[in-house]
Amino acid sequence: MSCKNIIFMTVLFVILPAWIGIIWSEVLKIEGRWQRFLHSWTLGFVTMLSIAQVVLVPMVALHCTLTQALRVWQICLTVLSLVIFYLVLVKHQKLFTEAGMQAAAVKTGRKTAGETGEGFFKRMFGFGRLWTWIFAALVTVLILLQAYIPSRYEHSDDDDARFISEEVSAVEHDTMYWDDPITADQLYWNEGEVRKDFTSPWAMYVAMCSKITGIAPAALSHTYLPFFLILLCYGVYFLIGNALLKGEQESAAPLEKTLVFLLFLSVLHLWGYTSTHTLASMVLLRIWQGKAVCAGFMLPVMFYLMYQVMQKEVKKGWLALLYVASNAACLLSGIGIVTAPVLLFLYGVVDFFYHRNWKKTLAVWLAAVPCGVYFLYYLIG
Amino acid sequence: MVTYCYGVWNEFVNFIGGRAGLAHWALYLLALFCCIFMGKEIRKKLFFPSALVLLFFFNPLFYAAVGTRFLSGIYWRLLWMLPISFIIAYCLTQMTFKIKKNVLRVAAVVLACACIIVTGERIFTTETYSEKENEYEIPQAAVEICDYVKEHLLDWKETIVVPNELLCDIRQYSSAVSLFYGRNAGGFITNIEEDEAAVYAEMCKEEPDLEVITEIGKRRNCRYLVFNTSFHQVPEDMTAYGYEKVYVVEDVYAIYRVIV
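Just so you know, the sequences run in chain order A and B.
This note's numbering runs 11 ahead of the 1-based position in the first sequence.
This note's numbering runs 168 ahead of the 1-based position in the second sequence.
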């Protein structure tokens with residue numbers, strides 16, 4: 012791993028998604044520094060995937076080059092980033108008005124009062140707090156270990172013969188699904204082996220990342236992607252733990268509880284190699300493949316979004332995110348095109364039986380439309 | 169109907185990994201059962217969606233209509249829709265936090281972790297991960313073979329025949345090297361034609377019929393043939409067959425090039 016590549020990857024897989032995701036944190040009015048960061052990061056990445064899907068599928072069908080697709084994707088991300096920059100600027104300007112400064116002073120005052128004197132020391136060094144620190148350290152070590160080992164060591168998977176060779180061909184020839192991944196014979200996007208991939212062009216997403224960073228697709232997939240994608244997965248798992256463990260009146264679960272949840276999850280994954288098909292195997296053995304990202308990241312994102320949508324009072328932003336996420340699920344794998352609508356349907360049914368809100372149920376089900384479109388496109392394309 | 173039931177069961181066993189995954193699956197079912205008593209919100213978010221997914225998955229009619237048509241061989245992937253590890257982790261967390269005393273709670277956490285470890289299978293082992301040979305994390309031999317072929321390209325690509333163990337790795341490094349046949353030789357995804365099947369059959373043997381390989385190789389424009397000399401018994405000199413030895417990689421892989 013070189014320093015330059017790590018910086019490139021940090022920008023592409025942490026800073027850019029976190030910046031783009033600010034729009035969701037603002038819309039959903041997420042509170043708390045860590046909560047805001049994790050929501051921005053994970054939901055920003057989902058947004059990037061969704062934009063890539065909208066750009067890539069038609070461009071693959073139109074026989075465009077990888078560079079052309081990359082330019083369009085970059086333009087979309089740049090425009091979105093500038094819009095977010097403008098929103099952040101406007102928000103900060105508001106903060107500097109008299110009323111804003113007063114509100115900020117009140118907020119800071121409250122925080123300072125809470126963190127001084129006896130209360131602060133008790134919370135920081137009291138017995139309960141000590142265990143929180145210990146759990147935090149343990150969970151951090153376990154998660155970093157899970158991210159580090161797949162990057163540091165080699166695991167070979169035969170499916171890479173298709174995915175990575177598609178990426179290599181795309182980068183070297185500046186094409187998208189123009190040749191057979193084995194024989195390199197020229198073919199069209201709706202023929203042969205690549206037919207399975209043209210509605211789920213995750214390989215082209217990785218190829219675009221490879222082109223931006225200058226890292227060879229095999230090195231990118233095997234060395235760099237696992238580290239960042241596994242951390243992203245655990246970002247979502249943190250949010251899920253928090254959503255499940257918080258009480259009805261609480262805005263967030265106690266940190267110690269969420270940490271213990273992550274500890275159990277880490278242990279379940281580290282000792283979950285009962286077959287090559289389990290979630291643990293997908294996340295820790297081949298997270299660079301689209302189907303593994305679907306199983307380890309995107310479906311948990313869908314779970315999390317549904318946990319939010321299934322509240323009695325739901326912010327419209329969460330519903331909008333369902334559309335973005337279901338579209339992003341299609342980019343990753345054919346199984347994303349199948350599982351995302353099934354999940355939306357089932358959770359929609361459960362939600363309807365609890366809240367009898369037809370409009371919401373319909374909105375949830377309609378989020379499956381992008382998947383349906385890609386599925387039909389695949390069948391008749 | 170019995171066939172479909174058997175098919176669903178096989179997919180399920182395939183997913184959990186047979187007996188190895190039985191304990192964690194039992195833990196999941198137990199945790200799911202506990203969810204019924206953990207309040208309305210948890211029933212709504214965890215129990216009912218999981219129960220519906222299970223109903224769909226184990227429904228032989230659904231398997232017949234969807235599984236066999238669109239998800240043949242990968243029906244088990246539908247089980248990814250079950251938040252298995254999240255439900256187990258959630259229940260264990262809630263149970264351990266029922267204990268008020270910190271020390272006892274930590275002991276319970278340790279005990280629960282120990283149970284998971286004892287009943288599970290470790291994922292990071294020498295079987296799953298090994299020391300990497302290069303930054304691409306593919307065999308160094310594949311890299312060196314590709315480098316040699318790329319240095320001596322006559323066209324925008326060269327077609328080569330490689331030993332079976334390198335079939336999946338060659339094109340992960342370079343698209344200038346194309347394979348006469350690849351992973352599809354084992355009947356994966358697409359079928360191969362007669363010539364490819366004949367060469368593959370010979371390459372699987374310790375003593376391949378060089379007459380067959382070289383004749384098809386020359387006819388189908390395979391400029392390079394690569395043999396694993398620790399497995400294949402091939403002569404040093406293959407000029408009689410129209411190929412000459414040009415390079416050896418790692419003292420094992422001999423590269424032969426067609427004589428023009």
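Check the hints yourself; a few may be wrong.
[Unchecked claim] Which residues of chain A face chain B? A partial, calculated answer using Cβ under 8 Å:
1. Gln-46
2. Gln-79
3. Leu-88
4. Ser-92
5. Ile-95
6. Leu-98
7. Asp-169
8. Gln-197
9. Leu-198
10. Ala-229
11. Leu-256
12. Ser-262
13. Ala-263
14. Tyr-284
15. Val-360
16. Phe-363
Keep in mind that the hints were calculated from the coordinates and are not lab data.
The beta-carbon is built from N, C-alpha and C at its ideal position, and this holds for glycine as well.
Status of each hint after checking the structure:
1. Gln-46: violated (18 Å)
2. Gln-79: Hint violated; Gln-79 of chain A Cβ to chain B Cβ min 19 Å, cut 8 Å.
3. Leu-88: With a closest approach of 27 Å, the Leu-88 of chain A hint is violated.
4. Ser-92: Result: violated, 31 Å to nearest chain B Cβ.
5. Ile-95: Interface hint status for Ile-95 of chain A: violated (31 Å vs cutoff 8 Å).
6. Leu-98: violated (31 Å)
7. Asp-169: holds (5 Å)
8. Gln-197: Check failed: Cβ of Gln-197 of chain A comes no nearer than 11 Å to chain B, outside 8 Å.
9. Leu-198: violated (11 Å)
10. Ala-229: holds (4 Å)
11. Leu-256: holds (6 Å)
12. Ser-262: Interface hint status for Ser-262 of chain A: violated (15 Å vs cutoff 8 Å).
13. Ala-263: violated (15 Å)
14. Tyr-284: holds (4 Å)
15. Val-360: holds (7 Å)
16. Phe-363: violated (11 Å)
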